[in-house]
Structures are given as C-alpha cells and as structure tokens.
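*Asks:* The residues making up each chain are set out below.
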Amino acid sequence: MSEDEVKGNFSKRSSRWKIILAALVVALIITIIASLDIGFASQTPANMKLAIPQISFIQILYILGKQIPFVGNKINVSAVFTKPGDLASAQNIIMLIRLPRILAAALVGAGLAAAGVIYQGVFRNPMADSYLLGVSAGASLGYAVAILYISSALTIAGLGISQAFAFIFALLTVFLALLIARSGTRIPVVNLLLTGLVLNIFFLALFSLLEIRAGKALGEIVAFTLGSFSSIVWTHVWVVFPFVIVGIALTFFFTRDLNMFSMGDETAQHLGVNTERVRIFLLVIASLMTAAAVAISGVIGFVGLIIPHMTRLAIGPDHRILLPTSAVVGAMFMVICDAVVRVATGASELPVGVITALVGTPVFFYLLKRRKTSYSL
Amino acid sequence: MVSININGVECRYGSIKILENVNLSVTAGDFVGILGPNGSGKTTLLKSVSRTLKPSKGAILLNERDIYTLKNIDVAKQMAVVPQDNTISFSFTALEVVLMGRNPHMERFQMETERDVAIARRVMNLTNTWHLASRSVNELSGGERQRVIIARALAQEPKVLLLDEPLTYLDIINQLEIMDLIKSLCVSEGIIVMAVVHDLNLAARYCNHALLLKSGKVFAAGPIDTVLTSENIKSVFKVEAIVKKNPVTDSLYVIPLSPPKTSVPRNCSIHVVSGAGTGTVLMKTLLEEGYNVTAGVLNVLDTDFETAEFLNIPVISEAPFSPISEKSCRANLDLMSKAGFLVITSVPFGYGNLPNLEDALEAVKRGVQTYVIEEEPIASRDFTDGKATALMEELKKQGAVFIKHASELPALVNANHDLMELRKNGHKEIPGHTKKVAKEIVQPSCHKEPS
Chain A
1 MSEDEVKGNF SKRSSRWKII LAALVVALII TIIASLDIGF ASQTPANMKL
51 AIPQISFIQI LYILGKQIPF VGNKINVSAV FTKPGDLASA QNIIMLIRLP
101 RILAAALVGA GLAAAGVIYQ GVFRNPMADS YLLGVSAGAS LGYAVAILYI
151 SSALTIAGLG ISQAFAFIFA LLTVFLALLI ARSGTRIPVV NLLLTGLVLN
201 IFFLALFSLL EIRAGKALGE IVAFTLGSFS SIVWTHVWVV FPFVIVGIAL
251 TFFFTRDLNM FSMGDETAQH LGVNTERVRI FLLVIASLMT AAAVAISGVI
301 GFVGLIIPHM TRLAIGPDHR ILLPTSAVVG AMFMVICDAV VRVATGASEL
351 PVGVITALVG TPVFFYLLKR RKTSYSL
Chain B
1001 MVSININGVE CRYGSIKILE NVNLSVTAGD FVGILGPNGS GKTTLLKSVS
1051 RTLKPSKGAI LLNERDIYTL KNIDVAKQMA VVPQDNTISF SFTALEVVLM
1101 GRNPHMERFQ METERDVAIA RRVMNLTNTW HLASRSVNEL SGGERQRVII
1151 ARALAQEPKV LLLDEPLTYL DIINQLEIMD LIKSLCVSEG IIVMAVVHDL
1201 NLAARYCNHA LLLKSGKVFA AGPIDTVLTS ENIKSVFKVE AIVKKNPVTD
1251 SLYVIPLSPP KTSVPRNCSI HVVSGAGTGT VLMKTLLEEG YNVTAGVLNV
1301 LDTDFETAEF LNIPVISEAP FSPISEKSCR ANLDLMSKAG FLVITSVPFG
1351 YGNLPNLEDA LEAVKRGVQT YVIEEEPIAS RDFTDGKATA LMEELKKQGA
1401 VFIKHASELP ALVNANHDLM ELRKNGHKEI PGHTKKVAKE IVQPSCHKEP
1451 S
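Chains as they are written, first to last, in this note's numbering: chain A, 1 to 377; chain B, 1001 to 1451.
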C-alpha cells in the first residue's frame, strides 16, 4: 500500500466512523419500531383470552407520531382506526406495555455492552465481560434476600424492593472486590480479577442456599438469574436511563485512555494516562451501568461479552468508535432477543437470558477458536 | 536543556532491597548504558526513572523537579519508554500504535491531526516501519513489532528516551540501524538516552557513558572507556574478557572468554611448540584439563605469545621478527626436558623457528613423550629447504606420535597421563575406559613405555 493511500485511509477514518455510527442508530430506531409490531396482539390473537385487535404498522407510526411534541397535535390517530375502542386499547398496548419494554431492553443492552467494552479494555482481555467483578452474583443474592425476607410492598426510588436490593448488592460486591484487591494505593489487575472470581463463587453459593430455602418463591428467584423484560413499566426505564446514558457519556471521555490500556499498564502510564485513577473510575461507571441494568431486567448473560468482541472484529479495536457502536449494537441485539422471546413460545415467555445464551455460546466458541494469539491478563 | 539527576536512590520490592544508593547525573546528549549481570537492578533503575517504581529513598529529578511530583501527562510529554515486554492486547494497526505516542500532546477530545499523522509517518520512515502501517501489530514479527514500539516512543518527541533491552528481538542489521538512529537523535537533538543493554559491544559502540551495576549498587560509572575495563568486567560479570580498541569503529570491543572449567589440577606439565595462533586454543584447552602448560620459543607479538601472556603461561620468548637465539634455545630445551609431554602444533617452519624442532628432537631422545599435530602435511609448511621435513622424519623414528587433528590431543594425553599415574601408584588393574583408550589410541603408535 502506498504512503498516500495509508494516509488517505487514515484521514477518512473520522468521517467513516460517523457514518457507521449514524447508520447503526438508524438501524436501531427501525428495529425498535419494527419490534413494536411484534407481540401477541398482532401475531396470535386467537390464543389470547382477551380480544385484542391487530395493530398494523401504520397504526403504530401514527400512535408514536402523536407523542412527538408540537407536531403530534396535528396527527389524527383515529383516522387509521375503524373502531374508537380499538384505538384506546392499541394505544395502551403500544405506549404502556410494548414501548417501555422495548426501550428498557435497548437501554439494558446498551449498558451491558458498554460495560463489557470497559471491562475488556481495562483488563486488556476480550474474554472479560460485564459480570467479571461479581455484579451478577451480588445482584442475584440481593434479589433473593429481598424476595424471601422483606415485604414486597416497599418501593425505593421507583424500583421494587427486590430490584433495589439487587442494585445495592451488586454495587456492594464490586466495592468489596476493589477493597479486597487493593494493595497500598494501587489495585493490581490480577488481584482484582481473582477477587472478582472468588466473590462471584461465594455469592452464588449464598444465593444457592437461599434457593434451597425459597419454597414457593423459587421460580421467581431463578427467573431473575435468566433475565426478563416482561414486567417492565415506565418507571424502570426512567431509573435505568440516566445510568446508561450518563455512564456511556462519561466513558467517552476516556476512550483514548482505554486505547492506551491495550499497550499494557506501564506503557499506558508512559503515554500519559493516570492508570490507577482512570481504571477505578471506569470500573465504577461500568459497575453502576451493569447494576442498574441487572436491577430492572435480571441477569442477562453474554451481551457484555460477545457484543464488544464482535463489534471489535467488525470495526477495529479503537475504543473511540468501539464504545458507541457496541452500545448501539448491544441495544439492537437485546431488542431483537426480546422480540424473539415475545413470540417464540406463546404466552409463557422464555427468559431472555436463555435466548442470549443460545446465540452467545456458539458465537463465543467460534471467536475463541478463530483467535490468532493467546490473550494475556 | 534537559537533565536527569538520580540522587541516592534506593528501591525495594517489598522487603527486598533491589537498588542501593544509586547516584547519576545525565545531561542532554548523553547516551548512558546501564550495564550489569542479571538481577543487578538495571530494569529496576529504569523503572524508577520512568516513574513506575517509586524509590523508597532518594529522588529522581527531571529538569531539577522530582519526577514523582509531576503528572503522568507532563512526564509523558518529555519522556518516552520502550519496555521489555511489548504485548499489545487488541489488534491495533502499526500506524494506530505509533499514533498513540501522540497521546500526551493531544487534547482530550481531539482526534489525531494531519500533523500527528505526519510525525507518525516520519518516525515510521526512520524506523523502517511505514510499509507496515496498516498491518495489525499482532501479526508482525518480533523485530517488526519492536521497531513499531520504538517508533511510538519517538512519536512522543521525547527529550528523554528510556530503553529496556531494546534490541532483544532485532537481527544484526536492525540492531545497528536502530542504535545508529537513536545515537543520531541523541547527538543531533540533544536528547538523553538511557538504555539497559546486555551486549557490552553495542554499549561500547554507542554509549558515551555507562553505569555498571553489581547487586544493586553502582560498581562503576563514568565515560564508557573507564567503565568497560577487563578488571571491571571480571569483578562484575565473573568473566575473563579482552577489552581492546577496534581500529575500524574506533570504539572499545569486548571479547568474553568462556568461564574456565574448574578441573582437578594434574601434577604434570606440557610444553607446547607453536606459533601464528596454531597453539592458542590448545593452550587454553590443556590449561582447562588441569595441566601446567609452558610454551616456547615464541616471538613477542605472535598471537600465541599474546595468548600465553593472557593465560599466564610461562613462555620462552624472542624479540619480534628475530630468529631464535642460542640462549632462548637452551632455555626452551630446559623447559621441554622437564615437561611430561611435548606437543608440536601444525605451525609452519622457517629458519627462524627451526631451532624449536631441533630442541624437540633432543627432548624426544631424552625420553619426553612427544606428540606432533599434523593438520597440514609438513611439506606444505616447510620453508627450510627440507630441513624441517627431515627433522620430522627423525622425530617419527625416535618415537614421536603423529596425530591428524589438535582436538584429538587432550583425550590422548589424558589417557596416557592416567595410565602413568596408575602405574606409578602400583595399580595392576587398569580401569576399562583408560585401557580401551590407551589400547586404541596410544598402543598402536610406537611410543616409549613411560618409565
């Protein structure tokens, strides 16, 4: 390749990144709108006890359009509905059931994937995922504790008590890991990895103990570990929204630092990165995003592992583009998985974690087999 | 003008002291080689200068300011490090890696500018890596990757360049090119270079200063010529070495010699007749086998004479380019007669050194066991109109053993020596091994039974 070609390709990179990102965002919006049209109401009305009318794609667009400020008033939704009753129930289905659910799925997917990017970048290992420091085990334990021992009527900041407990326990686990792994003023990466691993096992053991004692609540507890969006309401969306959006935005400040981390800790430092501080800051952000996501949807595996990995293969390892694209791809992946869940097995929904695992496991093994070099810690 | 001062630095890993009271002051344009055996603290010193291992005592000053009070980013604007380990986790392209060297000079949200790419291109041309620009670093060979890493360090436009074993993966031409490049930057742009180097010859050639470490302490420091002496090398590396000025590169060069084998001294001396380097290896080998070696007559300035001097071998010498005098001749015969064995190497004979052969003949007649190494037929190295050839014939008649190659000699001499020792001590039974060698090698030749 000639010099000018290399240089040309490189200077075009910035605009290429913008195009890729814009295209992915458009694809995400289309996916979200399309998945609004997926559900029992339109697909299998015969199975439903309630007579819910089919909702057409045009009708969905009209309902959504009505929500847009200023412009919305000019849209006459009833024009596309034959019966006024259909309009009301369709509006309820779209706006109160499907839209919050799909948006929650998108936010959770984005948060988990972004957290995965951070974990993989900080630990310099593409086999790391968003649950590396025990967030999932901590959240599961907190959830089970709340379900079994605390009145379910309580709510904290819009979350049910069990969700709040999941969030708090998840964060406690991470801080415990950071605290234990600390050696003087530094947190050695290997210490942190091993501490996370052991805490994960320990909290899962406690969780299993609660499972044995759970009795009738067992199903609910186990369901949490596989994840689901079936009981999402708008409050959940508003709770998880700031964590994911602010988290990704803050991380974006440090994407070039994440690139430096790939060169090794000491080299990152020699290139001007305050490695210790940036690492802890990013791990805290990633953990907050993951904990918030897990709190509303349960433990959904593989998204934080394979989405960053696949995205990296497609667009390269530069975190300045890897972070936003992974987040968008993660959102899209989760919306699609949830759509599959909603139609795959009729009224008794599969947990969404089963779908991500079904897709994720073979993809992961494929990536493992095709890798060229071994990964170091 | 950039400067680095290392003031009384002590470094520890936990409770183990790695460095003790290291002092050094380096100014712009210095190329400092950090030398020393494994585990002497070279890398530790470099780490503490590069701000990754804070000294437990003392301070490191960059431009008169304690480097540990500065921010990473401010240090990175002035100092670049080429580490020993350069694994890169994700498959960045070579150009992307080199551009990371621009990081300390970029604002937080700034993308790489045309200027940054131009700088990357310049340093990649210097390190001969521009053609690798769009290749993934993890697909490069060790040497290519090493050059990319060096380019990344240069892209930082550093005032101080620290290198930890920068040449590990490089072949000989790349070693020279990289070192030439760094040296020229050091001289023309006045940057400070501090490099951990294992190859003393490369250090001698490129460094103007050196710091020689021994178990965490400075053993010697200063201009390279004063640090790199055979005495220092012997006491720090425990290796005998010849240090000389190379006339071509006008720098010192070091020839390390293998550590001497510690063999049981044999109470037996061997006299070597050689010259023009034919006896150099032999003398060392026989010494290592535990014999007392003597040599002569050799002219001063002859390679074998220098070897004998270096190895502390007693030698009968003659003035340069002079024929062997009566006096030397007698002294030589004296040594020969006292020796247990006499060895004549495959040296050419002229009228100058012919007396050596005459002496040898006399020694054989007196009963000294004699071995003649004949790697070249005597006819081709006889410059005495057949006199040397005639003497050789006579030697053969008198019982000297002729062998084809010098490498056969030690086994032969050893076997014969062991046989003699055993007989002397009144052993009737001779161990199988000695018997076998003695039978196969010694017996067929018509040597005299030792008395």
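Hints in this document: simulated from the structure, not taken from any laboratory.
Every residue gets a Cβ at the ideal spot worked out from N, C-alpha and C, and that includes glycine.
There's no promise every hint is true.
Claimed, not checked - Which bits of chain A does chain B cover? Going by a derived footprint, with three or more residues having C-beta under 8 Å, they are:
#, stretch
1, 138-152
2, 249-260
3, 292-300
4, 308-318
*Asks:* Against which earlier hints does the structure fall short, listed by number upward?
*Replies:* 1, 3
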